[in-house]
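K.L.:
Each chain, written out:
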Amino acid sequence: MSTSLTDRHPPTAAGGTAAPRRTKRRTPLGGSRHGLRERLMAGGFMAPAVLLVALFLLAPFVWTIYRSFFGDSRTSPFSWFDNYTLFASDPALSRSIENTLLWVVGTVALPFVLGLAIACLTDSSRFSRLARLCVVLPYALSGSAVAVVWNFMLTTDGAVNQVLTNLGLGSLTQGWLLTWPGNTLVMILANAWQATGVAVILFLVGLQSIPPETLEAGALDGATGWQQFRHIVLPQLRPVSIIVIGMSLVNGLKSFDLIWVLTQGGPGRATETLAVSMYNETFLELRPGAGAAIAVVLTVIVLAASWLYLRRQLDVKGV
Amino acid sequence: MSASGRTSRAAAPLARRRFLAGAAAGAAALTAAGCARGTATSAQPGTTSISNDNATWDDGYRAAGRELKKITGYSLRPLSNPSVTSYQQVVQMTLQTSKSSDLVKWASGYQLKRLARAGGLTDLGGVWKGYADKGWVRGESRDAFSYRGTVYGIPLYESYYVLFYSVPVFRKLGLSAPGSWEELLHCAEVLKRNKITPFLASQVGGWPAIEWFQELVSKTDPHFYQRLVAGQASYTDEPARRAMDLWHDFMRKGWMTPPDFDQARGPGALKEGTVGMFLHGTWQSAGMAAAGLEPGTDYGAFILPTVRPATAKSVIAESGVFAVPSHASSHTAAMANIASWLDPSVQRVWSDFLQDSSANPTVRSSNPVVAALQRDIARDHRLPLVRYWEAGPPSLIQGNTDDLGGFMAGQTSPATTLRRMQDRAHDEWAAWKRDEA
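Protein sequence lines correspond, in order, to chains A and B.
According to the numbering used here, the first sequence is numbered sequentially starting from 1.
According to the numbering used here, the second sequence is numbered sequentially starting from 1001.
For reference, chain A alone in the conformation it holds in the complex (with noise of 0.2 angstroms):
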């Protein structure tokens, strides 16, 4: 960053040649009145952002921990892990869990397989244009309107029954949001619905990145379609999954609006996520303790899971 900014100075703005200049700011920074200057230049940049995260994200994460150690009645007091034993006590954050662990399935599994071949599918072929704006479109509506259109897809007397009924096929109709695991598995396609077209823009990117010298040297050598895309397409769009993986991942953990929208986490508490768990306890059960517990463990998951991938993947060569 120091060099790049010092690039950007006039060559006679210190009254010397550019040479002697080139020399000095090869110096190590330590000791010289100019490295300390370029230091505090740094943190001068530095500091608004380093500010505002810790005033809006670090600062309010450290309360929660601490609020998370006390209880939930008139006068709070300290409960040591109280909060967190709830996990293991409360039937609905039990559920809570489980139902993050499909999401993060789902919203890991499903956009990577459709967006990948949705990609594959649609990256030469004659309507490449329309079928990629049909399926990259939902991705640019919010969750809350995805999860408008979906609620009149999915209650009882909703369009799926209705087609359904219509078709003959009225013994496949049912309450899509109302008994688990269906409702949950139902909001997850929902999801992939929308997820999908982020998916394949950057599958779509990774496939335009590959040197089509690789896949004329593999047809030469007598590999077939489905080889060439195994051992040619595939590594060669490695950097492009860990991304889309690694971004699923993350949007699977926090998962919210859709479910919020769809079902409240109901009926009964069974498709809360721990992103909704935690809203629920804090503001409807009015626990805000408990909702901090929830917080924090959620974080520790989120941040455990990105940092375990990532590091795993990134380490790859070339990434």
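Hints are supplied without guarantee of correctness; some may be wrong.
Simulated DEER-style distance windows between Cβ atoms [stated by the list, open to error]:
id	chain 1	residue 1	chain 2	residue 2	range
1	A	VAL53	B	GLY1046	43 to 49 angstroms
2	A	PRO77	B	ALA1378	47 to 53 angstroms
3	A	PHE152	B	ASP1427	36 to 42 angstroms
4	B	ALA1023	A	ALA219	16 to 22 angstroms
5	A	VAL53	B	ALA1025	20 to 26 angstroms
6	B	HIS1186	A	VAL300	58 to 64 angstroms
No lab work stands behind these hints, which were simulated from the structure alone.
Each residue gets a CB set at the ideal place from its N, CA and C atoms; glycine is no exception.
On the provided structure of chain A, position chain B as indicated by the hints.
P.N.:
Just chain B now, kept in the frame of chain A:
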């Protein structure tokens, strides 16, 4: 900008500095504006601000405010936040600051008790006494507006839980509003035979799950309902089991709409004739009017009959509350307005707007259906019961409402549901009492 490359290079740093300076100034201005005091709740001459979570009532507040101004010199200025959850957070937080509005809309019962015990509300005992002396409030409802004997709220409205029905559909099928449990079952059977779902039941939005529970328990035994919500009876006791079995039986017979049926579609469903009866608060009358239904000709309403003829008659009542924050910006004006809120001239306008009953028992509703219900309640000396939502500690009610939603979706049996509700009642009542000690 210039044909000369030299000029461009020389100007660039200056432009950048100017841009950065401008951006910094803009950021500083935004920060300053963000830190500045808002004016929404500040005192404004001749008005009192009122925090409200139902934006569709704003016109009603303004109309009632014009009547109030004739008496007190202060009109009403509604400040609406349509998200109930965020509204509650905002009110609870601003009560502790100097930024609270002059009047706050809240729920009665334990919802008000919870707000009052955090402090920040004005004692309205004097105002209540003035109303009680004139007969403008029901004396027996005082507890629902009090915390530890002190009154903190004045009734904002009073609604009853009733079954709306479609007059044309009933007439076509040769039915009339049922006066007994047997007649109710007969209506349901006839409607079902004619491919009309007899009852609307919903858990969309959470709280509607309490509606059938409170009705069936109170119509099984109203005194048991009173003991149950006071924490003096068990959810696993016989009357609660009987009520849940009735509900379960209705569901099994296909007499109830699916639990994901949105109540907002209720008036439309009555109009179309796809649903026969719609259990809801009488404040739904405004929704009926919005759907183009005329009271008396298009819809009627009755109170659910008791399960046994000998059971005491009762009605579930819901009261909203006006409270005055201690730090209200225009406290004097707020007290003046709240002392005249139940004046019949103000209530006439307010009741007409809501098409509902007034909290002042001397004011008859102009809606003939609601007026008939008021007469029914007075004639039969129906025992008024606090709605379940306000009748117990909020954490208990919220948890039990979730359980009832699960029951409606078929996740739990009546017995399991009641056992869970009782377990929670045990814990939450203990917690509430500990806090009160």
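K.L.:
Decide, hint by hint, whether the structure agrees.
P.N.:
How the hints compare with the structure:
1. A:VAL53 x B:GLY1046: 43 to 49 angstroms: Check passed, 46 angstroms falls within 43 to 49 angstroms.
2. A:PRO77 x B:ALA1378: 47 to 53 angstroms: 49 angstroms, holds
3. A:PHE152 x B:ASP1427: 36 to 42 angstroms: Holds - the Cβ-Cβ distance for A:PHE152 and B:ASP1427, about 39 angstroms, lies within 36 to 42 angstroms.
4. B:ALA1023 x A:ALA219: 16 to 22 angstroms: 53 angstroms, violated
5. A:VAL53 x B:ALA1025: 20 to 26 angstroms: Holds - the Cβ-Cβ distance for A:VAL53 and B:ALA1025, about 23 angstroms, lies within 20 to 26 angstroms.
6. B:HIS1186 x A:VAL300: 58 to 64 angstroms: 59 angstroms, holds
Of the numbered hints listed earlier, the single one contradicted by the structure is hint 4.
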